[in-house]
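**Student:** Chain by chain, the residues:
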Amino acid sequence: MKRRMRIYGVLIGLAPVLLHRMAHACAVCLNGAGGERLTDAFNWSVLFLMAMPYTILFSVIGFFFYSYRRAAKKARGETEKGTPLHLAWIHKESGR
Amino acid sequence: MSSEAIARKVVEPALPAFGGGEPPDRPAGLSQPLVTNARLALLMLIAAETMFFSGLIGAFIVFRVASQAWPPPFQPRLPVGVTAVNTVILLLSGFSAHLALRAVRAGKSALLVKRLSITVALGTVFLCVQGYEWLRLIRYGLKLSSGVYGATFYTLIGCHGAHVLGAALWLLIVLAQARKGRFTEHDYAGVQLCGMYWTFVVALWPILYGLVYLY
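Heads up: the protein sequence lines correspond to chains A and B, in order.
Residue numbering for the first sequence follows our numbering, beginning at 1 and increasing consecutively.
Residue numbering for the second sequence follows our numbering, beginning at 1 and increasing consecutively.
Looking at chain A on its own, in the form it has when it is part of the complex (with noise of 0.2 Å):
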């Protein structure tokens, strides 16, 4: 049974090697040539299609970035509010 497993799965690895000639239909093959209108179109949408994940991760390392900033400004203005507090509270505590 594994034997057989192995046996389908390196045919499955092979068959386009051997089959070639039905991937000819490459649905996006960049060797057409320059300035026809299909080649145009494919080359538009695969440089968009390429762009887009890069765009989404920065953008989410910008929204980490300016979480961090603003996150980092209010525990500085806070610790500056926090300060006279926290000194009443060692006031009260101390029992002075």
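Where hints are given, some of them may not hold.
[Said to hold, decoys possible] In silico DMTMM-like pairs for lysine to aspartate or glutamate, Cα to Cα no more than 20 Å straight-line:
#, chain 1, residue 1, chain 2, residue 2
1, B, Lys108, B, Glu185
2, A, Lys74, B, Asp187
3, B, Lys143, B, Glu133
4, B, Lys114, B, Asp187
5, A, Lys74, B, Glu185
6, B, Lys108, B, Asp187
[Claimed, not checked] Derived list of chain B stretches under chain A, where covered just means 3 residues or more per stretch with a C-beta under 8 Å from a C-beta of chain A:
#, stretch
7, 45-57
8, 63-71
Note that these hints are calculated values from the structure, not bench results.
For glycine and all other residues, C-beta sits at the position ideal for the given N, C-alpha and C.
Fit chain B to the given chain A structure using the hints.
**Tutor:** Showing chain B alone in chain A's frame:
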């Protein structure tokens, strides 16, 4: 040292500095997570949705750039003017969602309900106008089966419409919760998440409008 003092020392934990007692809460800030789990999850969902729409836009670009004439001959033209007004309505709904978030942050519950209601109303108007325009286009002969023009139009705009519908339903749920006083200035995650998603569907629309209606 008396036995009572020894027992107290054993039972009671070591006192913190400056007179004992519980120390005050740590100030909020960097000690807390920058982004809550819910916001992170929604961010991932929005990233996935963006890739989904990118795929559809990529397919549209192929058909649009490759075609000799767009719209193809004997196909109805899209209603550019009405949809421009509809775009403004959707952008206004995004702005009112932002104002609703500001209201809940300020602890103004009545204002939150009012602004959420405006957002839902504007979103519903957008959907109704879109539906009406679709019915007109179908009457004029633009169908899903009438070539790539109809197919790309209904797929792209239909997917966005479905997302707006889902977001509007979510807004309705948030509005119902806001009416019951569920949100406060310290606990408003529901409004924030819904606002984020609504902003996404609103921000996506001008891109689709420019691409499908104007390009």
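**Student:** Against each hint, give a clear statement of whether it holds in the structure.
**Tutor:** Okay, the hints, checked on the actual structure:
1. A hinted pair counts as satisfied when its Cα atoms are at most 20 Å apart, and B:Lys108 with B:Glu185 qualifies at roughly 8 Å.
2. Between A:Lys74 and B:Asp187 the CA atoms are separated by roughly 18 Å; this keeps the pair inside 20 Å, and the hint holds.
3. Taken as a hint, the B:Lys143 and B:Glu133 pair is honoured in the structure, with Cα atoms around 13 Å apart against an allowance of 20 Å.
4. Distance restraint check for B:Lys114 and B:Asp187: the Cα-Cα separation of roughly 18 Å lies within the 20 Å cut-off, and the hinted pair is therefore satisfied.
5. Annotation: proposed proximity of A:Lys74 to B:Glu185 holds, straight-line Cα distance about 16 Å (limit 20 Å).
6. The hinted pair formed by B:Lys108 and B:Asp187 meets the criterion: a straight-line CA distance of about 13 Å does not exceed 20 Å.
7. Only residues whose beta carbon comes within less than 8 Å of a beta carbon in chain A count, and the stretch 45-57 of chain B has 6; three or more means the coverage holds.
8. Using a Cβ-Cβ cut-off of 8 Å, 6 residues of the stretch 63-71 of chain B lie near chain A, which meets the minimum of three, so the contact claim holds.
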